[in-house]
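Trainee: Take a look at the letters that make up each chain.
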Amino acid sequence: MLRIEHLTKSYGAKKAVDDLSLQINPGEICGFIGHNGAGKTTTIKCVCGILQFEEGEIYVSGHSVKKDPIACKRELAYIPDNPDLYEFLSGIKYLNFIADVFGIGEKERAERIHRYADLFELTSDLAQPISAYSHGMKQKLALISALIHNPKLIILDEPFVGLDPTASFKLKQTMREMCNEGAAIFFSTHVLEVAEKLCDKVAVIKRGRLIAFGTMEEIKGDESLESAFFELEEQNG
Amino acid sequence: MGSFRPVFYVTFRSLIATMFPRYRRSDPQSKRRVILYALLFAYVFITIVGGEAALFYSLAKSLGPAGYGWLYFALVGALVIALCIVGELFLTHAQLFAAKDNEQLLSLPVRPGVVLFARIASLLVLDYIFTLIVAAPAAVMWIAANSIGAAGAVFLVLAVIMLPLPAMGVSILIAWILSAVFSRLRGSNILKLLVYLLFFAAYFYVVSNLNEYIRTLISRGAEIAEAFRRGAFPLYHLGLAVTEGDAVSFFIFAVCALAPFVIMTALLSSRFLKIATTNRGARKVAYRQKRLKASGARTAFVKKELRLFFSIPAYILNGGLGALFSIVVAVLLVVRRDIVFQMFQTSPDALPFGAPTVAALMLCLFSALSLVSAASVSIEGNTLWIARSLPVSTYDILLAKVASHSLVCGVPTLIGAIICAVAFGPGIIGLLALIITPLALVVTMGFAGVVINLRHPRLDWVNPVQPVKQGAAVLISMLAGAALILVPGMLYVFLLHRIMDVDFMIFLTGVVYIGISILLAMHLKDKGARLYEGLGG
Numbered sequence: 033m034l035r036i037e038h039l040t041k042s043y044g045a046k047k048a049v050d051d052l053s054l055q056i057n058p059g060e061i062c063g064f065i066g067h068n069g070a071g072k073t074t075t076i077k078c079v080c081g082i083l084q085f086e087e088g089e090i091y092v093s094g095h096s097v098k099k100d101p102i103a104c105k106r107e108l109a110y111i112p113d114n115p116d117l118y119e120f121l122s123g124i125k126y127l128n129f130i131a132d133v134f135g136i137g138e139k140e141r142a143e144r145i146h147r148y149a150d151l152f153e154l155t156s157d158l159a160q161p162i163s164a165y166s167h168g169m170k171q172k173l174a175l176i177s178a179l180i181h182n183p184k185l186i187i188l189d190e191p192f193v194g195l196d197p198t199a200s201f202k203l204k205q206t207m208r209e210m211c212n213e214g215a216a217i218f219f220s221t222h223v224l225e226v227a228e229k230l231c232d233k234v235a236v237i238k239r240g241r242l243i244a245f246g247t248m249e250e251i252k253g254d255e256s257l258e259s260a261f262f263e264l265e266e267q268n269g
Numbered sequence: 233m234g235s236f237r238p239v240f241y242v243t244f245r246s247l248i249a250t251m252f253p254r255y256r257r258s259d260p261q262s263k264r265r266v267i268l269y270a271l272l273f274a275y276v277f278i279t280i281v282g283g284e285a286a287l288f289y290s291l292a293k294s295l296g297p298a299g300y301g302w303l304y305f306a307l308v309g310a311l312v313i314a315l316c317i318v319g320e321l322f323l324t325h326a327q328l329f330a331a332k333d334n335e336q337l338l339s340l341p342v343r344p345g346v347v348l349f350a351r352i353a354s355l356l357v358l359d360y361i362f363t364l365i366v367a368a369p370a371a372v373m374w375i376a377a378n379s380i381g382a383a384g385a386v387f388l389v390l391a392v393i394m395l396p397l398p399a400m401g402v403s404i405l406i407a408w409i410l411s412a413v414f415s416r417l418r419g420s421n422i423l424k425l426l427v428y429l430l431f432f433a434a435y436f437y438v439v440s441n442l443n444e445y446i447r448t449l450i451s452r453g454a455e456i457a458e459a460f461r462r463g464a465f466p467l468y469h470l471g472l473a474v475t476e477g478d479a480v481s482f483f484i485f486a487v488c489a490l491a492p493f494v495i496m497t498a499l500l501s502s503r504f505l506k507i508a509t510t511n512r513g514a515r516k517v518a519y520r521q522k523r524l525k526a527s528g529a530r531t532a533f534v535k536k537e538l539r540l541f542f543s544i545p546a547y548i549l550n551g552g553l554g555a556l557f558s559i560v561v562a563v564l565l566v567v568r569r570d571i572v573f574q575m576f577q578t579s580p581d582a583l584p585f586g587a588p589t590v591a592a593l594m595l596c597l598f599s600a601l602s603l604v605s606a607a608s609v610s611i612e613g614n615t616l617w618i619a620r621s622l623p624v625s626t627y628d629i630l631l632a633k634v635a636s637h638s639l640v641c642g643v644p645t646l647i648g649a650i651i652c653a654v655a656f657g658p659g660i661i662g663l664l665a666l667i668i669t670p671l672a673l674v675v676t677m678g679f680a681g682v683v684i685n686l687r688h689p690r691l692d693w694v695n696p697v698q699p700v701k702q703g704a705a706v707l708i709s710m711l712a713g714a715a716l717i718l719v720p721g722m723l724y725v726f727l728l729h730r731i732m733d734v735d736f737m738i739f740l741t742g743v744v745y746i747g748i749s750i751l752l753a754m755h756l757k758d759k760g761a762r763l764y765e766g767l768g769g
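Protein sequence lines correspond, in order, to chains F and U.
Here the first sequence is numbered in my numbering, starting from 33 and rising by one per residue.
Here the second sequence is numbered in my numbering, starting from 233 and rising by one per residue.
Derived by calculation from the structure, the hints in this document are not laboratory data.
Glycine residues also receive a C-beta, built at the ideal position from the N, C-alpha and C atoms.
It cannot be assumed that every hint is accurate.
Covered stretches of chain U (chain F as the covering partner; in silico rule of three or more C-beta atoms under 8 Å from a C-beta of chain F) [said to hold, decoys possible]:
#1 531-543
#2 730-740
DSS-like mimics (lysine-lysine), calculated; alpha carbons at most 25 Å apart, straight line [claimed, not checked]:
#3 U:Lys293 - F:Lys98
#4 F:Lys139 - U:Lys332
#5 F:Lys139 - U:Lys522
#6 F:Lys170 - U:Lys332
#7 F:Lys125 - U:Lys522
#8 F:Lys238 - F:Lys46
#9 U:Lys525 - F:Lys139
#10 U:Lys759 - F:Lys99
#11 F:Lys125 - U:Lys516
#12 F:Lys170 - U:Lys757
#13 F:Lys170 - U:Lys516
#14 F:Lys170 - U:Lys535
#15 F:Lys202 - F:Lys229
#16 U:Lys757 - F:Lys99
#17 F:Lys170 - U:Lys525
#18 F:Lys125 - U:Lys525
#19 F:Lys99 - F:Lys184
#20 F:Lys98 - U:Lys759
#21 U:Lys535 - F:Lys125
Okay, chain F solo, but in the shape it has when bound (with noise of 0.2 Å):
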């Protein structure tokens, strides 16, 4: 579902992402784990085609972000660390923008807006503008986005912040029956517990290289997630 080859993306002199390489198969979802500044973002942003780079190819259900990138991008959705919206638009008129652009039906969409904003209780605040939400708000509004056209890879950069616990078991919830459903997720955190429940792979990245990747029983073993990721980190020092 993706497949990320030998990615190398620099600002300037700096290399933010180093020869990072990494595939994730349809039905696995996959934690991404590093220290503020290690490359998360930068690799997310990659994937998603909304940052070019110079080296390396990434590979989405075998279309290639760098040739084209458009059918990368109908099949994956992404979701930033801090979800700005069109805040001049209302919750329900961003999601029929969405909708629109993904040439989602009107009897399709209308199913699919109803069904996630109730899930996530948001239905009743869909005719406010975003501009009124809050933190929270947004981020549910997003995973709202997000879900409508059914992807099947989604990209998230720290999903959990700013969710409420209940929004949060239930994106959870979500995730797990999406890779059910055959999709692939490929989600960034700092909740080392999180990933370690949730998660059947793990890619760790310092300082743009990736200095592990592979299923859970093989990254942690018997110890914790936590555990093994500061023997990592020390291993890499």
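The hints should help you fit chain U onto chain F, whose structure is shown.
Mentor: Same frame as chain F, now just chain U:
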């Protein structure tokens, strides 16, 4: 005082940041931009102060010897107060009643009063600039034409220090009322726009009639002096204090100048914490499930751009004023042509061509003022990721900006052209010149605006007014619009008038505009798209 200084520094910096481009030592483009701004400001400053000096000199020469010296300084005082109110009213509203960083500042170990007074002090600094722009040439011209005593000079300096205070008091009062109204209304954008337009119209009316006022003032000085003495006695006493060196008069003026400022700041100070921390959002809109109309991706982007444009009053005013003028001037040309000619300080007899040609030229002039697309990239700010992550080609995203610009500015231009065409009944070439050329110029400005904004983006704004009003792209687009009008105009006046009729020249210019639009579209598809894709990081 210890905590006032850093808070003042922060509030003043943020106020200045909304008005001037940011200078980065390492960025040569930023240096050029600052130089460009400095030159423009110098030009505007010299033009304004030069015009004022001439005006004040003629007043000083006639009012001084006639014994109405006090009226001269009373008028200067009135001008200073009016300029401070008009120039700072909306800034006062934004800084005192709609500041986004109030909560952040109030979370610091600083008393709320310090935050309030730091904001007022920042606004007063700008008021003093306005005051000096008027008072300095006025004082110099008075001394050049008459004389001033030592006491009068001292009172003049003190008056200059005091004059912004009553203006600030009045600004606070009006801004407070506006804030109360805006925060309770849905669709308050329209109201804001109307208030902006009202102020703009009043300013334009006063400026266009200034010469008439001066003539009236000189011919009916005694009557006006009497009206001033009765209706604006603090200003009368200001005049007496400066010209006669009268200390009692100065005391009366000082009390009257301080009173509104002290009262309003005391009132505001007692309620500032509540104002700064109360979220008086509009009433919650209940969601009712309705049919969700589907449209294509391109249409969705155009609709999004239009909604963005109509959501920001300052954007409507700065970007679409030319379009609004197209209809207003078309109607005026048909029903009250004399007003339009008075606005441009000319007469129908002074022009060597007929009404349809004048209409075509006017519409072109206003088309060149359409600047919607010039801020359309910058205005995306931190929401740029949305368009960049969606499955739409970059060219389509950019074309949506041009299309939205063309709709916003093209429809009023077309309506204006049709009104003029029906009223004046031009010939075939005249009709083509009237309709094709202004519309073609709207589209050219649409493409040019996006191209320029891609080269001069400003995505790190805090307030959307920044890219709309102060963005370098808007300034450059304005100059590009002027060039698109002036170059063919000069060509015709100096070269081509011998070989072709003016209407044909205007039509031909329209064809050239279409050609330029095609070239810009090609540029946008290739290089423009790459520039936009490079903005994502």
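Trainee: Take the hints in turn and mark each one as holding or not.
Mentor: To see whether the hints hold, each was checked on the structure:
1. With a threshold of 8 Å between beta carbons, the proposed coverage of the stretch 531-543 of chain U by chain F holds, since 8 of its residues qualify and at least three are required.
2. Under a criterion of three residues with beta carbons nearer than 8 Å to beta carbons of chain F, the stated coverage of the stretch 730-740 of chain U fails, only 0 such residues being counted.
3. For the proposed pair U:Lys293 and F:Lys98, the alpha carbon gap of about 74 Å is over 25 Å, so the pair is violated.
4. Taken as a hint, the F:Lys139 and U:Lys332 pair is broken in the structure, with Cα atoms around 40 Å apart against an allowance of 25 Å.
5. Using a Cα cut-off of 25 Å, the hinted pair F:Lys139 and U:Lys522 holds, with the two alpha carbons roughly 11 Å apart.
6. With a C-alpha separation of about 18 Å, the suggested pair F:Lys170 and U:Lys332 falls inside the 25 Å cut-off, and the hint holds.
7. The hinted pair formed by F:Lys125 and U:Lys522 meets the criterion: a straight-line CA distance of about 11 Å does not exceed 25 Å.
8. For the proposed pair F:Lys238 and F:Lys46, the alpha carbon gap of about 14 Å is at most 25 Å, so the pair holds.
9. A distance of roughly 10 Å separates the Cα atoms of U:Lys525 and F:Lys139; the hinted pair therefore holds under the 25 Å criterion.
10. As the CA atoms of U:Lys759 and F:Lys99 are separated by approximately 17 Å, the hinted pair is consistent with the 25 Å bound.
11. The straight-line distance between the Cα atoms of F:Lys125 and U:Lys516 is roughly 16 Å, inside the 25 Å bound, and the hint therefore holds.
12. Of the pairs offered as hints, the one joining F:Lys170 and U:Lys757 is violated, with about 33 Å between alpha carbons and a cut-off of 25 Å exceeded.
13. Taking the CA atoms of F:Lys170 and U:Lys516, the gap is about 16 Å. The hint holds against a cut of 25 Å.
14. Only pairs whose Cα atoms come within 25 Å are accepted, and F:Lys170 paired with U:Lys535 is accepted, the gap being roughly 21 Å.
15. At most 25 Å may separate the alpha-carbon atoms for a hinted pair to count; F:Lys202 and F:Lys229 meet this at roughly 14 Å.
16. Restraint check: the Cα-Cα separation between U:Lys757 and F:Lys99 comes to about 16 Å, which is no more than 25 Å; the hinted pair holds.
17. Restraint check: the Cα-Cα separation between F:Lys170 and U:Lys525 comes to about 23 Å, which is no more than 25 Å; the hinted pair holds.
18. At most 25 Å may separate the alpha-carbon atoms for a hinted pair to count; F:Lys125 and U:Lys525 meet this at roughly 10 Å.
19. With a CA separation close to 19 Å, the supplied pair F:Lys99 and F:Lys184 stays within the 25 Å bound.
20. Between F:Lys98 and U:Lys759 the alpha-carbon distance is near 17 Å, which keeps this suggested pair within the 25 Å criterion.
21. With a CA separation close to 10 Å, the supplied pair U:Lys535 and F:Lys125 stays within the 25 Å bound.
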